[in-house]
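*Asks:* From first to last, the protein sequence lines are chains F and R. Quick note on numbering: numbering that gives the first Met the number 0 labels position 246 of the first sequence as 245, and the sequence is numbered without any gaps. Quick note on numbering: numbering that gives the first Met the number 0 labels position 63 of the second sequence as 62, and the sequence is numbered without any gaps.
There may be inaccurate statements among the hints.
[As the list claims (entries may be wrong)] If the Cβ cut is set under 7 angstroms, some of the chain F residues that face chain R in the computed set are:
#1 I20
#2 K23
#3 T24
#4 F58
#5 A79
#6 P83
#7 W145
#8 V222
[What the hints assert, rightly or not] Here are some, though not all, of the chain R residues that point toward chain F, as calculated from beta-carbon distances under 10 angstroms:
#9 R12
#10 E68
#11 M70
#12 W78
#13 L82
#14 R206
What the hints contain is simulated information worked out from the structure, not anything from laboratory work. Here a beta-carbon is modelled for each residue, glycine too, at the ideal position from N, C-alpha and C.
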Amino acid sequence: MAGTLSVLFKKNKQLNTDELIRKKTFWSFFIFFCLIISAFMGWKLLQQQPKVNGVLRPFKNVMAANEQVFNKILSDKHLAKEYPLSEAVPVPRVNGYLGMGNEFDASQWSLIVVRKNGDTLRVSLDQIKKLPKKDLVFNFKCIEGWCQVSHWAGARFSDFISAFGLQDESAFKYVGMSTPDQQYYVGIDMPSALHPQTLLCYEMNGKPLPMNQGYPLRLIIPVKYGVKSIKRIGTMKFSDNRPPDYWADKKGYDYFSGL
Amino acid sequence: MKKIVPKHPLAIRWFHWINFPVLALMIWSGLLIYWANDVYRIGFGSTTLVKFFPDSVYKTLSLDKRLAEGMSYHFFFMWFFFLNGLAYVLYTLFSGEWRVLLPNRHSIKEAWQVFLHDIHLRKKAPEVKGKFNGAQQIAYTSIIIMGLGSLLTGLAIYKPVQLGWLCALFGGYKASRVIHFVLTIGYVLFFLVHIYQVIRAGWNNFRAMVTGFEVHTVKEEEIK
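Just chain F, same shape as in the assembly (with noise of 0.2 angstroms):
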């Protein structure tokens, strides 16, 4: 045993072939196990780490970091594919139901929009109406991994902005929508909120949106998941700072979710 130990700390040139065999094999399998002591380590410490919006921070940071990297490629010349009208499914799948409630009067809706000095503007649905009518047939797809070529039309949510004058608030970083009842809200940066594709939509399958898929209005957001395209648009604000967003604050989920 002695033997076995000295030769590990001896010269190479001093060594046999079966000494040197055994120093090499005990320091090679030393390092190795150093390194996956560390690595147990690193992801302990990893664990340990605090948790913001409910993910862990090293992650959160990585998330932002992606979002600069990815949001590169954002231009309004990438175009989610468009299909004909004939593969559109004939019932569009409905999954969340936060800011559906019951209690909501469709004759009392009007669209809130808080302009930059704090004004509100109301906006009614025939005034949306009028603008240019868009309609999209294309891939809706889900954070979960479904997907599902649906139909829908509306105003482009850029000819709205201008449509309405809305050239200084559409200068901030992010626009802000949630429901009427304030139970779902979704924060978007400006550039995907302005992509040619983006609506503000009032019909599925040719037909006034069910009360299930956000009557009178909601949005439509190809270059996004669609968590992002909130059913039942209540009021609508815009900031520089990230406004709140129901599955990126609470859930753990990406804030940017472009695609």
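Chain F is already provided as a structure; the job is to place chain R on it using the hints.
*Replies:* What follows is chain R alone, placed relative to chain F:
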């Protein structure tokens, strides 16, 4: 007489052992994501032979209701998987290691002979010239192509609109997801065969993946 014969360069040992836990984490976090829409199965019509995966699997491994967590791990460790894989490919290219790793015109025949030997239908193992036999060359090259496939289908799923051309290249969003999943199953199968072969090949072979060398017994006069 024993002789120390260098086998795996240090860099390749590092890449190999970094990849092991990283890929394991990618597969695990991938399962956390897959659970949210676990639609894949093998079957015909309404008959299902294999379901990916039975509920008991999720329960046993605590894979259920962790979609957000799975995504946060997946899009964190993807960078390690990508950078380590890239470093490996660049290293093999510039060091010349690709010469022993890439299959050549003898590889298919040799792989077949190795296979027959493995299942005991052939008595003698084929004589191998380089570090790796034909079966190994094919396996180790395929796994790199699979890695590239996972990376690209992953990107196609991650940014299907901005990288619409990539998504279309794999046959669309749904097809990209299927390929991404099938490749993952491929890694698991590779792992099982790999472990079996490593155990079969024995200590000398395994030690080489840690120390870098194998010990060969040679006749006295061959040592210079």
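*Asks:* Next step is simple, just say for each hint if it's right about the structure.
*Replies:* Cross-check of the supplied hints:
1. I20: holds (6 angstroms)
2. K23: It holds, given that the least Cβ distance between F:K23 and chain R is near 6 angstroms, below 7 angstroms.
3. T24: Holds, because the Cβ-Cβ distance from F:T24 to chain R comes to roughly 5 angstroms (cut-off 7 angstroms).
4. F58: F:F58 check passes; min Cβ-Cβ to chain R is 4 angstroms, inside 7 angstroms.
5. A79: F:A79 check passes; min Cβ-Cβ to chain R is 5 angstroms, inside 7 angstroms.
6. P83: violated (15 angstroms)
7. W145: With Cβ-Cβ at 5 angstroms, under 7 angstroms, it holds.
8. V222: Result: holds, 5 angstroms to nearest chain R Cβ.
9. R12: Nearest chain F Cβ about 9 angstroms off; hint holds.
10. E68: holds (6 angstroms)
11. M70: holds (7 angstroms)
12. W78: holds (7 angstroms)
13. L82: Interface hint status for R:L82: violated (13 angstroms vs cutoff 10 angstroms).
14. R206: With a minimum Cβ separation of about 6 angstroms from chain F (threshold 10 angstroms), the hint on R:R206 holds.
When the structure is compared with the earlier hints, violations turn up for hints 6 and 13 and for no others.
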